[in-house]
Structures are given as structure tokens and as C-alpha cells.
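Dock chain one against chain two, each of which comes alone in its own frame, and use the hints as you go.
Spelled out from the first residue to the last, the chains are:
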Amino acid sequence: MPAPEQRRIIFKHIDEPGYTPDIDCYVRNGGYEVLKKSVQRKPEEIVDEVKKSGLRGRGGAGFPCGVKWSLLDRKSGKPIYLVVNADESEPGTFKDRYIIHQDPHQLIEGIMITCFANNVKQAYIYIRGEFPEGARILERAIAEARARNFAGPNILGTGYSCEIYVHRGAGAYICGEETGLIESLEGKRPYPRIKPPYFPAVLGLYMCPTIVNNVETLCHVKYIADVGGQAFSQIGTPNNTGTRIFCVSGHVKRPGYYEFETGKITLGQLLNEVCGGPLPGRKFKAVIPGGSSAKVLKFGERFKGKRKAGAEMVDYDWALEDVPMDFDSLAMIGSMGGSGGVIVMDDSVNMVDALANINAFYAHESCGQCTPCREGSLWMKKISNRMVHGDARTEDGALLKSVADQIAGRTICAFGEACSWPTQSFIQKFGDEFKAYPDAKKQPKRDGTLELV
Amino acid sequence: MDLKPETFARIEEVITHYPTKRSAVLPLLHLIQEDAGYISDSAMEWVAQKLELQPINVYEVVTFYPMFRRKPIGRRHIKVCRTLSCALMGGYRTCEEFKKEFNTGLNQISPDGEVTIEFVECLASCGTAPVVMVDDVLHEKVDCAKAREIAAQIKRKAEGQKG
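Chains as they are written, first to last, in this note's numbering: chain A, 683 to 1135; chain B, -13 to 149.
In short, the hints are calculated from the structure, not lab data.
Heads up, a few of these hints could be off.
[Stated by the list, open to error] DEER-style ranges, computed between Cβ atoms:
1) 921(A) x 58(B): 48 to 56 Å
2) 6(B) x 718(A): 48 to 56 Å
3) 6(B) x 759(A): 34 to 42 Å
[Stated by the list, open to error] Straight-line C-alpha distance at most 30 Å; calculated DSS-like pairs for lysine-lysine:
4) 1127(A) x 986(A)
5) 1127(A) x 85(B)
6) 694(A) x 718(A)
7) 734(A) x 757(A)
8) 86(B) x 57(B)
9) 935(A) x 127(B)
10) 803(A) x 7(B)
11) 1117(A) x 980(A)
12) 870(A) x -10(B)
13) 57(B) x 143(B)
14) 1064(A) x 57(B)
15) 36(B) x 760(A)
16) 935(A) x 980(A)
17) 86(B) x 1124(A)
18) 127(B) x 980(A)
19) 935(A) x 85(B)
20) 7(B) x 760(A)
21) 85(B) x 1064(A)
22) 86(B) x 1123(A)
23) 85(B) x 870(A)
24) 1124(A) x 85(B)
25) 127(B) x 965(A)
26) 803(A) x 36(B)
27) 86(B) x 1064(A)
28) 132(B) x 965(A)
29) 85(B) x 57(B)
30) 719(A) x 803(A)
31) 965(A) x 1124(A)
32) 718(A) x 803(A)
33) 988(A) x 734(A)
34) 757(A) x 935(A)
35) 7(B) x 877(A)
36) 1124(A) x 1111(A)
37) 1127(A) x 127(B)
38) 980(A) x 1123(A)
39) 1127(A) x 132(B)
40) 870(A) x 760(A)
If you're wondering where the values come from, they're calculated on a predicted model, not measured in any experiment.
Each residue gets a CB set at the ideal place from its N, CA and C atoms; glycine is no exception.
Chain B on its own, in the form it takes in the complex (with noise of 0.2 Å):
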């Protein structure tokens, strides 16, 4: 497995927190993903040698959980949530904003490499619809105005990534 340093230290921390090695399968998927982007066939197999598991253990949490991923998605996750509270505020309008902004549809890489977005359930920040996650960020109350800002925010950063 090629990780992080740290990643390694936080693996073998974490599984100490559980009296049974199974119940660090989410834990070290999330730290897998965090750090190399996605779960691949042979984290999982490693994953499940780490823990003395059968690869199938690991791959029917993988297969399960939404937010695991087994392919490379772009450089930012964009998450618009779906669910009632956001589309009665204009949920959809963002949705569709974002993908006008990156040129690219729902679950796909952008064609510029720059972000992967999803329409998600529910995010629990129904009081300030609709709201959209860029990786580990919450923004509020994204209407198609802010849709816009928070994408060109995202591809001002890209530019000065590049040059």
C-alpha cells in the first residue's frame, strides 16, 4: 500500500479504539480515501489482511456506504444536496448551475480535471437551503449567484495552481 506516513500511524491508532479489529473497517477506509483519493481493489484486500478479514468483509462496507468510492473522482467534490428542504429552495438550480460552470455532468470528472459533482441526500443543514459541500466545507443558502462565486473561487485556485 502506498500511503502517507502519517496515514500508517493513524491506521494502526485507530484500530487500538475498538476491542474487536472489524470495527476499524470505516475507520481505515476513510483514512484510505482521504489519502489516496479512492478505494481501490487492493486497498481493500489489504485492508482486509490488516483487520484478518475476508476481502468480502471489506468490500461489502465499500459497496454499501455512499461516500466510499472505488475510482478517482476530480481535484474538489462538489455535493449540492437533493433532498426536500434544499429543492424547495432551489436545490436543483444550483445542481444544474454547477454542472454549466464545469461543463460536466453528475458522478464525472470535468473535463478541466478540476471537480467531480454529486447530487446528495440530505446534509442536515436544511435552515439554511440550499447548501452545497465543496470537499470538507459547508456553504449555505448557494442559490445560482453564489453557485457561480464559489465555482469561480474554485477555478481562480486551479489557474494559480498551475501557473
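If we strip away everything but chain A, and leave its shape as in the complex, we get (with noise of 0.2 Å):
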């Protein structure tokens, strides 16, 4: 079956000959008329949209966008932060660049309809260090639209008042976690919290009842302030409504970033029809479908089992490249659709290399606040680099398992998975290759095989 079309909703505009990212433009395009028509509702009314639309998070957790927002605490009395996280820094990602640098405002806009849908008055966009650019773009934005009256103090003469500043980060993966996130906007070490107590819904920035969503995620908040939630859930598929960008990296002829409809395309189709397939002379081997922490798959597997389509129960069979790009599917067969980012590794990797490549990352990575990831990442790190520059033994897979095994599951943030399950995938899949290492490595290399640590 031919791919489908792409469905371009919140990358409408990214790479327009003549699109520029001031507000002029944006408002040609019919920019800030979704914001007009919104404060001219009730707040609740937008909720209700939002729930009804079936949004998941475009961060990495896939969480229901309405029901994050149907958590917050709005008795407290206390005032309600919207958090945008701009961080994108999971391996593999590269959505929210674009939006930022492109088309900063209509993240602008679906900032100001959160904000008014939920009564926040003060926004903030933590925006990771390594985007100055973009931070520049979207102070420049938010002052474009404050001069129009699309933010601060009584919008478009309403009565309702809200302020966003950027904040930037300095370089620190682990303030993509929304609890971590927080501390740093706080200004301290971005130790992640735990929860309970600690629900952003609940006892978020400042102890205050906060949103923490991702820009994307936001985007699409205008989307379907603009169409219904109604309209919304009929694009893409049952409970993976809307669009998807996947931001395919690595070994394909054409990568890039490609939006469409959730679950209407397959992974196969996505690899070999939109990117073009491996590259000449080359086989795909692996693939990370939802950033680097997803659990790695391995071409020519099988996945059976039973899903549902509908009401009903059937059956599936599917080989990788049948699967469909959604949460729900990538998650069945024991991967996730995370943040979108596609790593394609070829026939020219080495499994064990392309590990320690990780690993390395999760190690400068972890913040050392629980000891299971801060010991067990270095370790990883440790016994992979000895693998790929010292000695190798056969025995390092199932060292490597062990060590990954005693992380996942006893640490306060996600983090301890995001940085375990890449050895444990790898090893479950690729483990042949981790026992023929010690001599994969005496033979000579082939040609075009490039140091990945």
C-alpha cells in the first residue's frame, strides 16, 4: 500500500517560500483569529474541546492533554502557572526547533488560549540553552504580541490579563522532566520530584497549581480551539487523534521531519516510501522509533497478538515495517511512540557500538540524585566504552542486563527507564551480537564504518 499523504496542521507553514516569523505574517495567514474567537468563550467550553479531542502529549508520555488540565487544582486559591516545555532534548527530536524558529506564534497563540482556558496568568516557555536563536525569535514574539494586545495586561479588551517570559535552560537534559523542569525555572539543580506529593497539577512551580505541556502539544491546542475537539478526533485514529511529526534521523536517504495523521502510516511506509530507504548499498538493521530511550526494534522481527479496532478484538501479525506509527501500537509491541524521533540504524552499525553511544549520553545525563541511575548509568557507560576501546568478554551482555535490571523502577523520575531500557532492548534483541563482539572486533572493519563512541 502507497503512504499516504502528509497532513501538514502544525508544520502548515514550516519551510513556506516567504514565511517569516514575525507577527505580520502570521496574521496574513489568518494568525491570532483562533485567540479573538476564544476569549469570547467560556473558559471551560475550551477544556471541554480539548478533552473532547482526545489530544496526547507530544512530549513523550502521551498523556491526555484534557485530563492533565481536568487534574488541576483550582480551589487552592493559589494562582496557576502554565509551564511550556521547550527543552527538546531527547536524542532523536527535532520538532519543536522549527515551530520556534518559524513559526513562534502560533506556539504564541496556543500559549494565550491555554493560559485563558485555564486561568493562568502568568506563562513561562523554559527553552533549552542550546536554541539562543529561539529564544531571541519568541521574546521578539511575545513583544509583537503584547504591542497587539494578544498578551498582557486586559487582552483584546476582555478584562483578562497574562504575561509569558522565556526562560532559558543551560544545557541539561534532564529539565525536559516536568518535575525537574520546575526546580530549575526555581533556580536550583533541576532535581526531579517525587510523586506523590509533588503532581505539577497540584503542588507544581512555586508549590502552585501548574500545567507543564509540550510546545507541539500546544499547537495543537489551537488547532482544536479553531476546529472543535469533535473535528480533531476524527484525524488520525481511535484514542491517537490528530497528527504526528516524526523526525526520522540516521541512515535513510531522506531525513527529515514529515507530519501525519496518527496510526495512518505504517513504520515500512514512513522508512522506505517517505525517506527514500536505507541508503545505497545498505540494509536497515534497528530502529528507535520514539527517541532514544524507546526500546530499540530490529528488522525483520514479528509481532503477533490480539488489539483492538473498534469494539472488537483481532488478531495481528505484523512485521516491523506493518506496524503503525501510533502510541498505542508502538507501545503493544513493547517500544514507544515517545517524542516522535526516529533513529534509523543500517547494516554498517554495530549494535554494541551504537549502544555505548547511549549509554554515554544517560551517563553525562543522569542529575546523581538516586543512586540506582547515577551508579548504574556510569557503569553502563563504563562497561560499554571498555567493550568498544578495551577488552571485551562475552559475558559483558548479560553484565550490562544485570546492571540495567536494578535501575528501572527504583528511581523518582522516568529517567532510570529512559536510561535502562536501551541496554535491555538492545540486549534482548541484538544479544548474539554482544557475545561475537570480542571477535567482531578482531576482524577488520568494513569500509564506511564510522566510530559512534
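Structure below.
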């Protein structure tokens, strides 16, 4: 079956010739009309539209956005904050970068609608430190929006006021974790908080109720406020509504970003047709479908079981290429849709080298708060690095797995899972390659083999 | 503190963004580092005093976040992405090429004082790997040839400034 056409909702204007990030261009293209419409409605109506839409968060966890909003403690009498997670730091993910740099007002409009719907008077955009230009663009966009009364005091004459400030991170991956991000915004080390009791919806920024939403999610909110929750829920597939932006990187002919209705495209269509297939003379070997912490998948694998199709349960028997790229299908086959970052590896890659690269990342980024993660991520890095650069032993795969198995579930935040899933899945799927590594190392490297760690 | 008048003005302004002064630690450190090139011990003490904190509260932040540095670096900062997607497309080679061009190792000032090369984690531009940031500017698809071009540009600019 040929791949469906892209459906660009969030990326509608990305790379459009002549489209600029200033407010005039945005307004010329119908910008801020949805905000004008929204502030005439009751805030609860907008929350209801988002609930009806079935929108799931685009940052990684896929948590329903409307549910997140409805968990807010609205009775505490404390101010409610919105924190926009623009920390985009999951390796393999690069969608928010383009929204921020090319279409910042789409985000600002989504933020203002979200703030209005949830009675938020103060929003912060937490942007990763490595986007200095993005931070400047957003600051300019906020000033423009303020000058036209789309943000700031008495928005559009409604009596409702809300400010937005940009807050820059400083190079720490853990700040993408929502409670770590909040700690960072409070001026501290970004040590994630334990839940319960520190659910942001109740005890978030400054111990006040807080919504933390991803950049792309808020752009979807703008679209939902425009077309309505019902119409949005018709896009994509049930429980996986709307569009999804896939960020494809690694060994394909045409890496890049592609927006499709969620669940309407399979992994095979995405990689073989949309991205042009493997590089000349190579074969696909493995793919990480949702950012580097998602479990790796192996080409040649088959997945069988029963799945829900409407009200019925049906059998499925999929090759990896047949798997629809939605949250539920990827979870069913033991991985995740995560942040939409699809990293492709071909047969030039030795999986031990690839894992060693990933392990170096997680060892560098562990915040150090919980012992299993701080020590475990470091030892996984040391072991895999020794395999590549020092002596490799056939039993090292099992050793790595034994370390990983002692981290997940024993830490305050999900970083514990994020750092152990790659090791666990690489060894589960490519265990033979780990056993054979000591011998493989002695063989001459084939042409085009790159150093990965 | 020896900073430009506009840096002081921006410091005063940014503190007003937050209900608690402590939240301004990261913005202040960014502003100081952009102005002074690095964060000295006396700068940390100054920030602590400014925000009514203990110096340890600033020190623990500076030592945690990779982007803050406590020593000066070369005039230009080259950050090569090390993480998987870039490595799969030759990021390690790109990094080696820069080291060779400037005759230097990682995290040190090159002999000509021109650059400091850092091998950083994911810069979130994996679709155009390998990527490199020179100061605030992102360069995409930087293979060895492009790395040499960028190095030549930096060197030409340095020559121009001397002459």
C-alpha cells in the first residue's frame, strides 16, 4: 500500500517560501483569529473541546492533555501557572525547533488560548540553552503579541491579563522532565521531585498548581480551539487522534520531519517511501521509534497478538514494517511513540557501538539524585565503553543487562527507565552481537564503518 | 562586578519576571557569562548577594549545568554534537577534523587562542546531522570538508581582526 499524503497542520507553514516569523506574516495568514474567537467563549468550553479531542501530549509520555488540565487544583486559591516545555532534548527529536524558529506565533497563540482556558495569569517558556536564537525569536514574538494586545494586560479588551516570559535552560537533559524543569525554573539544580505528592497540577511551580505542556501539544490546542474537539478527534485513529510529526534521522536517504495523521502510516511506509529507504548498498537493521530512550526494534522481527479495533478484538500479525506509527501500536510491540524521534541504523552499525554511544549520553545526563541511576548509568557507560575501546568479553552483555535491571522502577523519575531501556532492549534483540563482539572486534572493519563512541 | 551597563540593566529587568528572586539565578548567570565570557567565583558571590541567596545556592547551579563555565575559553566556541544521530552520520570524524584544524584537544583553548572545541550532547537537529554550533549559530550537515570550510572562515576572521 502506498504511503498516505502528509497532512500538515502544525507544520503547515514550515519551510514555506516567503513565510517569516514576524507577527505581520502570521496575521496575514489568519493568525490570532482563534484567540479572538476563544476569549469570547467560556474557558470551560475550551477545556471541554480539548478533552473531546483526545489530544495526547507530544513531549514523550502521550498523556491525555484534557485529563492533565482537569487534574489542576482550581480551588486552592493559589495562582495557576503554565510552563511550556521547550527543552526539546530527547535525542532524535527536532520538531519543536522548527516551530520556535519559523512559526513562533503559532506557539504564542496556543499558549494564550491555554492560559485563558485555565485561568493562568503567568506563563513561562522553558527553552533549552542550546537554542539561543530560538529564545530571541520567542522574546521578539512575545513583544509583538503584547504590542497588539494578544498578550499582557487586558487582552483584547476582555479584562483578562496574562504575561509570558522566556526562561533559558543551560544544557541539562533532565530539565525536560517536568518536575526537574520546575526546580530549574525555581533557580535550583533540576532534581526531579517525587510523585506523590509533587504532581505539578497540585504542587508545581512555587508549590502552586501548574500545567506543563510540550510546544507541539500547545500548537495542537490552538488547532482544536479552531476546529473543535469533535472534528479533531476524527483526524488520525481512535485514541491516537490528530497528527504526529515524525523526526527521522540516521541511515535513510531523506531524513527530516514529516507530519501525518496518527496511526495512518506504517513504519515501513515512513522509512521506505517517505524517507526513500536505506542508503545505497545498505540494509535497515534497527530502529528506535520514539527518541533514544524508546526500546530498539529489529528489522525481521514479527509481532503477533490481539488488538482492539473499534469495539472488537482482532488478531494482528505484523512484520516491523507493518506497524502503524501510533502510541498504542508501538506500546503493544514493546516500544513507544515517545517524542516522535525515529533513529534508523543500517547494517554498517555494530549494535555494541551504538549502545555505547547511547550509554555515554545517559551517564552524562543522569542528575545524580538517585543511586541506582547515578551509579548504574555510569557503569553501563564504563562497561560498554570498555567493550569498544578495551577488552570485550562474551559475558559483558549479561553484565550490562544485570546493571540495567537494577535501575528501572527504583528511581524518583522516569530517567531510570529511559537509561535502562536501551541496554535491556539492545541485549534482548541483539544479544548474539554482544556475545560475538570480542571476535568481531578482531576482524577488519568494513568500509564506511564510523566510530560511534 | 565589571559588566557592561546594558548587562546591569537587563539583570534588573529579568529579576522582575519572577515572584521569587531565586528563579533569576539561571538568567543572571547567562547574562554574566555572555558579557564576561565565564563565571568567576566573585561573580557567583555577586549573584548570591543580588538575589539574597547563599553563595552555595549559586555554586551548586553553576557546577550542575553543562553550559556554565568557570574558566575563560577561546574567542569562538565550537560545539560538535556527539549523540547517536550525529555519530551515525560521522560526528566523531567532524570533531576530529576541528581538533586537527586548530591543533587542539577538547575543552581547551587552542594555541592561537582562537577556539575552544567541545563535544556536546544532542543539539536537537538530528535530521541534518552532523551538526555543529559555532557560538550561537547552528551549522548543518557538517562533514569533514564543511568542517574545514568553517575552520577557514574562523581563521580568516581572526586574521582580519588582527590586521
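Tested hints:
no., hint, in the structure
1, 921(A) x 58(B): 48 to 56 Å, "holds, 54 Å"
2, 6(B) x 718(A): 48 to 56 Å, "violated, 34 Å"
3, 6(B) x 759(A): 34 to 42 Å, "violated, 18 Å"
4, 1127(A) x 986(A), "violated, 36 Å"
5, 1127(A) x 85(B), "holds, 24 Å"
6, 694(A) x 718(A), "holds, 21 Å"
7, 734(A) x 757(A), "holds, 23 Å"
8, 86(B) x 57(B), "holds, 23 Å"
9, 935(A) x 127(B), "holds, 14 Å"
10, 803(A) x 7(B), "holds, 19 Å"
11, 1117(A) x 980(A), "holds, 17 Å"
12, 870(A) x -10(B), "holds, 26 Å"
13, 57(B) x 143(B), "holds, 24 Å"
14, 1064(A) x 57(B), "holds, 28 Å"
15, 36(B) x 760(A), "holds, 27 Å"
16, 935(A) x 980(A), "holds, 19 Å"
17, 86(B) x 1124(A), "holds, 28 Å"
18, 127(B) x 980(A), "holds, 27 Å"
19, 935(A) x 85(B), "holds, 29 Å"
20, 7(B) x 760(A), "holds, 19 Å"
21, 85(B) x 1064(A), "holds, 24 Å"
22, 86(B) x 1123(A), "holds, 27 Å"
23, 85(B) x 870(A), "violated, 34 Å"
24, 1124(A) x 85(B), "holds, 28 Å"
25, 127(B) x 965(A), "holds, 22 Å"
26, 803(A) x 36(B), "holds, 27 Å"
27, 86(B) x 1064(A), "holds, 27 Å"
28, 132(B) x 965(A), "holds, 27 Å"
29, 85(B) x 57(B), "holds, 20 Å"
30, 719(A) x 803(A), "holds, 19 Å"
31, 965(A) x 1124(A), "holds, 23 Å"
32, 718(A) x 803(A), "holds, 17 Å"
33, 988(A) x 734(A), "holds, 27 Å"
34, 757(A) x 935(A), "violated, 53 Å"
35, 7(B) x 877(A), "holds, 26 Å"
36, 1124(A) x 1111(A), "holds, 23 Å"
37, 1127(A) x 127(B), "holds, 24 Å"
38, 980(A) x 1123(A), "holds, 22 Å"
39, 1127(A) x 132(B), "holds, 25 Å"
40, 870(A) x 760(A), "holds, 22 Å"
Violated hints, in rising order: 2, 3, 4, 23 and 34; the structure is consistent with all others.
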